Amino acid sequence: MSTQIRVLLAKVGLDGHDRGVKVVARTLRDAGMDVVYSGLHRTPEEVVTAAVQEDVDILGVSLLSGVQMTVFPKIFALLRQHKVEDMIVVAGGVMPDEDVEELKRMGVAEVLLQDTPPQYIIETLTALVAARGPR
Amino acid sequence: MARPYIPSLDLIDPASKGETWAIARLISRAEAGVPEVREAIGQIYKRVGRAHVVGITGVPGSGKSTMVNRLVRRLLDDGLRVAVVAIDPSSPYSGGSILGDRIRMSDLVMHPNVFIRSMATRGAVGGMAHAALDVVDILDLAGFDKIIIETVGVGQDEVEIAKASHTTVVVSAPGLGDEIQAIKAGILEIADIHVVSKCDRSDANRTLTDIKMMLRDGVGGALTRGWAPPVIGTSSLDNEGFEELVAAFEQHLAKLDGAPGIERREQISIFRLRKAAEALMLEKLRTESDFETYGQRVAARQTDPYSAASAIVKHFSTET
Ligand code: B12
Ligand SMILES: Nc1nc2c(ncn2[C@@H]2O[C@H](COP(=O)(O)OP(=O)(O)O)[C@@H](O)[C@H]2O)c(=O)[nH]1
Ligand SMILES: [Mg+2]
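Read top to bottom, the protein sequences are chains G and R.
First residue of the first sequence: 1, per my numbering; consecutive thereafter.
First residue of the second sequence: 136, per my numbering; consecutive thereafter.
Worth flagging that the hints you see were computed from the coordinates, not collected in a lab.
None of the values given here were measured: they were computed from a predicted structure.
One or more of the hints may lead you astray.
Derived coverage of chain R by chain G (criterion: at least 3 residues anywhere in the stretch with Cβ under 8 angstroms from a Cβ of chain G; other residues may be distant) [as the list claims (entries may be wrong)]:
| no. | stretch |
| --- | --- |
| 1 | 236-247 |
| 2 | 374-388 |
Rough simulated footprint, nothing fancy, chain R against chain G, three-plus residues with beta-carbon under 8 angstroms [to be verified]:
| no. | stretch |
| --- | --- |
| 3 | 40-46 |
| 4 | 70-77 |
| 5 | 93-105 |
| 6 | 108-119 |
Glycine residues also receive a C-beta, built at the ideal position from the N, C-alpha and C atoms.
Generate the whole structure from the sequences, applying the supplied hints.
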């Protein structure tokens, strides 16, 4: 029985910074995870629909455009609408500390900003899935 | 937010009503080879068999994903519900994967009659082909009329998946160096339909002619008796050739449902049974602690590998 972790990495809105998300995709693949990449310029609706169909363990949203405080509330509302409140949501990219606190209150499991070492990303995601348990 | 484990049997009802989360969760369990899902698959199996399964295969870069995007659009125009299973190879080093087929299908995502699922070749007990057929049944249960499986046409597992589809499409593209990639990959003979993609390119005619000549020379034959594989040119760029391709699907499906076609369905079932048996055997082998004991004896040359293996096999086939 496989315990392969599935992750959807998503870029939302006009944000065209994709270097980081591609680094993360390769990092996770090399750690043995299955990574679905959404491509650039998706809407929250598209991202959540894809995440539900792919039944990923983790929905990872990469944002360097500053719009996190409008994007994440939408994502959580859509996840509830799709009956997948149990999906783990993580954020990465560039965002101010006060937003990070607010995002965590909202339900974002982890926020991993610039210069996060690859090994730390792997360990964090693995631990989140382990803590959730089988589903 | 954690929630209690929902037994697979309880997912059948919401999945059959088209609830995406339930369909997706059942698929994950089938893909992972969770033993708990088997009873559910067994129940589902008896309820389905309606959907038309189309396998699309060809070398990487031949334009399969882009083609699936166009093809699905065309099928949606007919009012059909369409599911896509896009399979990419896992990294042989880490076992992980980056599944990128979805990017080329992004304008389909929000359509209510479409479901897209990405899968990696490894990670399933007893091979990918086995899990893919379980996934097909789940999607059939969920009411999808056409189920399209995109696989990279290299490697045994991928070829097997293509063979286990009702209709197998082999895609060749101009400009990939080798004019007939299907021959090189050894997949020419599994095609029910040949597609030459990227026909907006001037060098496509050469590929079309080459494949037609090969077929005329009797190289490659269809798996369905009484069916001559057509060669169809498409361009995803110009959205051309898809009427013809969809028409060929229907003609092939009609053949499949005719008397000789029954054989194909039986072949698929035999194949599947074999795969299921393999999966169960492998599972038992993997939990077989005798390997260590026998291994020591083999290393010490007290017994030989074949005698030891046959003792192990005898041992696990008698327990239930
Ligand atoms: C390179 C870069 C660009 C390149 C992007 C190339 C590309 N294809 O990616 C170019 C030149 C195109 C560019 C353009 C712009 N940029 Co710029 N850019 C940068 C820069 C210098 C580095 C970003 C980068 O690639 N870092 C390297 C990668 C590896 O790091 P990363 O993305 O942060 O990812 C790491 C972590 O964040 C984390 N991570 C990231 N995503 C995820 C996801 C998950 C799930 C997880 C777990 C982890 C994770 O893991 C990675 C590894 O540790 C940053 C400055 C900075 N300090 O970040 C500005 C920056 C992001 N850019 C900025 C701006 C304003 C722009 C422009 C609007 C400029 C303009 N006026 O035109 C345009 C917008 C383009 C667009 N359409 O989006 C601002 C954003 C301000 C904000 N957020 O409020 C920044 C912060 C610069 C600044 N200080 O003002 N940019
Ligand atoms: N000219 C042309 N290029 C195409 C066509 N279809 C796909 N491509 C290109 O071929 C490349 C591979 O396409 P993709 O669909 O990912 O191929 P796959 O690996 O077989 O799934 C991409 O760069 C596409 O843009 C087509 O109809 N015409
Ligand atoms: Mg593809």
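Now the hints, each set against the structure:
1. Beta-carbon proximity to chain G at under 8 angstroms applies to 5 residues in the stretch 236-247 of chain R; the threshold of 3 is reached and the given coverage holds.
2. Counting residues of the stretch 374-388 of chain R whose CB falls under 8 angstroms from any CB of chain G gives 0; the rule of at least 3 is not met.
3. With 3 residues having a beta carbon nearer than 8 angstroms to a beta carbon of chain R, the stretch 40-46 of chain G meets the requirement of three or more and the stated coverage holds.
4. Only residues whose beta carbon comes within less than 8 angstroms of a beta carbon in chain R count, and the stretch 70-77 of chain G has 0; fewer than three means the coverage is violated.
5. Look at the stretch 93-105 of chain G against chain R: 0 of its residues bring a Cβ nearer than 8 angstroms to a Cβ of that chain, fewer than three, so the hint is violated.
6. By the rule of at least three residues with a Cβ nearer than 8 angstroms to a Cβ of chain R, the coverage given for the stretch 108-119 of chain G is violated, with 0 such residues.
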